[in-house]
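*Asks:* Listed below are the residues making up each chain.
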Amino acid sequence: MNLPGLYNVLVALLFCPLLLSIINRTKAFFAGRAGQPWLQPYRDIGKLLRKGAVYSRTTSWVFRAGPMVGLAAALAALVLVPLGANGAPLSFSGDLILFAYLLGLMRFFTVIAALDTGSAFEGMGASREVFFSALAEPAFLLGLTALAHAAGTFSLSELTGAGSRVWARPESVLVIAAFFVTFLCENARIPFDDPNTHLELTMIHEVMVLDHGGVDFAYVLYGAALKLWLLGAVLVSVVLPVRSELSWVNIGSGLLGMALLGVLVGIVESTMARSRLLRVPYLLVGASVLSVLAVILGLR
Amino acid sequence: MPLLTGFLIVVLLLTDIALLGLRSLQVGIRLVALQGILLGAVTVLVNLDSFNLHVLVLALASVGLKGFVFPVLLSRAIRDVGVRQENEPFLGIGTSLLFGIGMMGVASWLGDRIPIFTGESPPILMSGALMTLFTGLFLIVARHKALTQALGYLVFENGIYTLAIAVTGQIPELVEVGLLLDAFVAVYVMGIAILQINRAFEHMDVDQFNTLKG
Chain D
0 MNLPGLYNVL
10 VALLFCPLLL
20 SIINRTKAFF
30 AGRAGQPWLQ
40 PYRDIGKLLR
50 KGAVYSRTTS
60 WVFRAGPMVG
70 LAAALAALVL
80 VPLGANGAPL
90 SFSGDLILFA
100 YLLGLMRFFT
110 VIAALDTGSA
120 FEGMGASREV
130 FFSALAEPAF
140 LLGLTALAHA
150 AGTFSLSELT
160 GAGSRVWARP
170 ESVLVIAAFF
180 VTFLCENARI
190 PFDDPNTHLE
200 LTMIHEVMVL
210 DHGGVDFAYV
220 LYGAALKLWL
230 LGAVLVSVVL
240 PVRSELSWVN
250 IGSGLLGMAL
260 LGVLVGIVES
270 TMARSRLLRV
280 PYLLVGASVL
290 SVLAVILGLR
Chain L
0 MPLLTGFLIV
10 VLLLTDIALL
20 GLRSLQVGIR
30 LVALQGILLG
40 AVTVLVNLDS
50 FNLHVLVLAL
60 ASVGLKGFVF
70 PVLLSRAIRD
80 VGVRQENEPF
90 LGIGTSLLFG
100 IGMMGVASWL
110 GDRIPIFTGE
120 SPPILMSGAL
130 MTLFTGLFLI
140 VARHKALTQA
150 LGYLVFENGI
160 YTLAIAVTGQ
170 IPELVEVGLL
180 LDAFVAVYVM
190 GIAILQINRA
200 FEHMDVDQFN
210 TLKG
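If you read the protein sequences in the order shown, they are chains D and L. Heads up, the first sequence is in numbering that gives the first Met the number 0, so the first residue is 0 and it goes up one at a time. Heads up, the second sequence is in numbering that gives the first Met the number 0, so the first residue is 0 and it goes up one at a time.
Calculated from the structure, these hints are not laboratory results. Ideal placement from N, C-alpha and C gives every residue a C-beta, glycine not left out. Worth double-checking, as some hints may not be accurate.
Claimed, not checked - Listed next, with one range per pair, are the computed distances between beta-carbon atoms: (1) L:P88 <-> D:A27: 36 to 42 Å; (2) L:P114 <-> D:H148: 21 to 27 Å; (3) L:R78 <-> D:A30: 27 to 33 Å; (4) L:L52 <-> D:P280: 48 to 54 Å; (5) L:R78 <-> D:E244: 23 to 29 Å; (6) D:S274 <-> L:L47: 39 to 45 Å; (7) D:N195 <-> L:L194: 40 to 46 Å; (8) L:V26 <-> D:W247: 42 to 48 Å; (9) L:L2 <-> D:P280: 32 to 38 Å; (10) L:L47 <-> D:W247: 38 to 44 Å; (11) L:P114 <-> D:V262: 45 to 51 Å; (12) D:A167 <-> L:L47: 16 to 22 Å; (13) L:L2 <-> D:K46: 47 to 53 Å; (14) D:Q35 <-> L:V188: 55 to 61 Å.
Stated by the list, open to error - Residues from chain D that face chain L, not an exhaustive set, calculated with beta carbons under 7 Å: (15) K50; (16) I96; (17) E170; (18) V288.
With the hints as constraints, model all of the structure from the sequences given.
*Replies:* Now the structure itself:
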C-alpha cells in the first residue's frame with residue numbers, strides 16, 4: 000500500500016469531470032464561443048443524482064446492474080493507476096493486465112445493459128463499441144508490453160515511476176502515438192465518435208446509454224469521465240519526464256499533464272472531422288502496428 | 000546525441016507506416032518532404048564530431064531538395080492532373096499495414112547483422128534505413144497511380160541515403176550529388192510523364208498500360 004498514491008485517487012475523483020470541461024472550453028475557444036461554465040459537468044451529474052429513474056418493463060436486472068458495475072469497475076481500476084511519477088495506492092506485478100480487463104468489464108456491462116433493452120438502435124451501438132474496442136485492445140496491451148519489456152517490470156506504477164526508461168528508448172514514441180489513438184477511441188472522442196451528435200446513426204457510446212435515466216445516467220456519465228481520466232493518466236504518466244522525490248511535485252506535474260492532454264484533445268476535436276465508420280478500423284490497426292513495431296524494436 | 004538521432008529515426012519509421020496506411024496523395028507528398036528534412040537533421044547529428052562545411056552542404060541540399068523542391072514539383076503535378084487519392088490499390092490498406100509489420104521484422108533482424116558505422120549513430124539507424132528502403136519498394140510495387148510510385152521511388156532514395164549514413168557515416172560528395180541529381184531528374188521526368196499519361200489516357204493508372212496493343 001502506497002499512501003501518497005491515495006492523493007491520485009482523490010484528485011481523480013474530484014477533477015475527472017473538470018477534464019471534460021477543459022476539452023469543451025478548448026473546443027469553444029476554437030469555435031469563438033464562450034463555452035459552457037467550468038462546473039457544468041458537475042451540475043449535470045448533481046441534477047441527475049436528484050432524479051428518480053424509469054425502467055422499461057422489458058429490461059431485467061442486467062440493465063440496472065450495468066451502470067453500477069461500470070462505475071465500480073472504473074473505481075477499482077482507479078486504485079491501480081499512477082499519476083505522473085506518483086505511484087498508485089496498489090501495485091503488483093501484472094496489474095496492467097488487471098487494469099485493462101477492469102476497463103473491459105466496464106465496457107462489457109455497458110454493452111449487455113444496452114442489449115438488454117432490446118432496442119435495435121442500442122444493439123447497433125453495442126456492436127460498434129465491441130468491434131472498435133476489440134481492435135483497440137491489441138494496440139493498448141502490446142504498447143504496454145513494449146514498455147514493460149523496456150522497464151523490466153509488469154507493474155504500471157513501476158513502469159512509469161522511478162524505473163521508467165521511456166525517454167531512454169526511441170521506440171517509446173511509437174507507443175505514445177498508439178496510446179493516444181486508443182485513448183481517443185476508448186473514450187469515443189472525435190476521429191472515432193462525435194460526443195456532440197446526440198441521436199445520430201454514427202454514434203457509439205452515447206447510443207448505448209440512451210435508456211438510462213436519473214441516478215443510473217449520473218453513474219454512466221461519472222464512469223465515462225473516470226474512464227477518460229484513467230486512460231489519460233496512463234498516457235500522461237508514460238509521457239511525463241518529471242521524477243521528483245516530493246510527491247506534491249509529482250502530483251502537480253501530473254495534473255498539469257492532464258490539463259494539457261485535455262487541451263490537446265480539444266485541439267484534435269476542433270481541427271479534425273470524425274472519420275468515416277469504414278475507415279476507423281484502419282486507424283486502430285495502424286495503432287496496433289505501431290505497438291507491434293515498438294515491441295519488435297524493443298526486442299533487438 | 001545517439002538518443003536524439005534514435006528519436007528522429009523512429010519518426011522516420013512513423014512516416015513509413017503512415018505512407019503505407021494513407022491514401023491521400025497530398026498528405027503522402029508532405030510525409031516524404033518530412034522524411035527529407037528528418038534525414039538532413041540525422042546527417043548533421045551523426046557527424047556532429049567531425050562537423051564541417053561538407054556535412055552542412057550535404058544536409059542543406061537534402062533538406063532543400065527533398066523537403067521543398069520535390070514536394071512543390073509533385074504538388075504541381077497532382078494539381079494539374081486533378082487526382083487526390085490512391086483508389087483501389089493492389090493491396091488494401093489493412094494488408095499494406097500487415098506487410099509493414101513483416102518488413103519491420105525483417106529490417107530489424109537484418110539491421111542487427113549488418114555492421115554499423117561506429118560513432119554517433121544509434122543501433123536503430125540500420126533498421127530504420129532498411130525499413131524505409133522496403134517501404135519505398137512496396138509503394139512502387141503495390142500501388143496503381145504513377146504519382147504514388149514516384150513517391151515510392153523517393154522513399155526508396157531516402158532509404159538508400161539513410162543506409163549510406165549508417166554504413167559509412169557520411170557519403171562522398173560526388174556520390175551524394177549524383178544521387179540527388181538522379182532523384183531530381185527522376186521527379187522531374189515523372190512529373191512530365193504523369194502529365195503526359197494523364198493527357199493521353201485521362202487517368203494516371205499505369206496498370207492499364209497492359210491493355211495497349213503494339
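*Asks:* Each hint: holds or not?
*Replies:* Checked hints:
L:P88 and D:A27 have their C-beta atoms about 40 Å apart, which keeps the hinted 36 to 42 Å range intact. The hinted range of 21 to 27 Å is satisfied by L:P114 and D:H148, whose Cβ atoms lie roughly 25 Å apart. The beta-carbon spacing between L:R78 and D:A30, approximately 31 Å, falls within the hinted interval of 27 to 33 Å. At roughly 50 Å, the beta carbons of L:L52 and D:P280 sit within the given window of 48 to 54 Å.
Between L:R78 and D:E244 the beta carbon distance is about 57 Å. The supplied range of 23 to 29 Å is therefore violated. Taking 39 to 45 Å as the suggested C-beta distance range, the pair D:S274 and L:L47 conforms, at roughly 41 Å. Our hint of 40 to 46 Å for D:N195 and L:L194 holds, since their Cβ atoms are close to 44 Å apart. Evaluation of the 42 to 48 Å hint for L:V26 and D:W247 yields a pass: the beta carbon distance comes to about 44 Å.
Distance hint check: the CB atoms of L:L2 and D:P280 are about 34 Å apart, consistent with the given range 32 to 38 Å. A C-beta distance of roughly 39 Å is found between L:L47 and D:W247, which places it inside the suggested range of 38 to 44 Å. Take L:P114 and D:V262: their Cβ atoms lie about 46 Å apart, and the range 45 to 51 Å holds. Range check, D:A167 to L:L47: Cβ separation about 19 Å, and the 16 to 22 Å hint holds.
Hint check: L:L2 to D:K46, Cβ distance near 51 Å, so the stated range 47 to 53 Å holds. Range check, D:Q35 to L:V188: Cβ separation about 57 Å, and the 55 to 61 Å hint holds. For the restraint placing D:K50 at the interface with chain L, the shortest Cβ-Cβ distance is roughly 45 Å, beyond the 7 Å limit, so the hint is violated. With its C-beta approaching chain L no nearer than about 23 Å, D:I96 sits outside the 7 Å limit, and its interface hint is violated.
Contact between D:E170 and chain L, as hinted, is supported at the beta carbon level, the nearest pair being about 6 Å apart and thus within 7 Å. For D:V288, the interface hint holds, the least distance from its beta-carbon to any beta-carbon of chain L being 5 Å, beneath 7 Å.
Violated hints, in rising order: 5, 15 and 16; the structure is consistent with all others.
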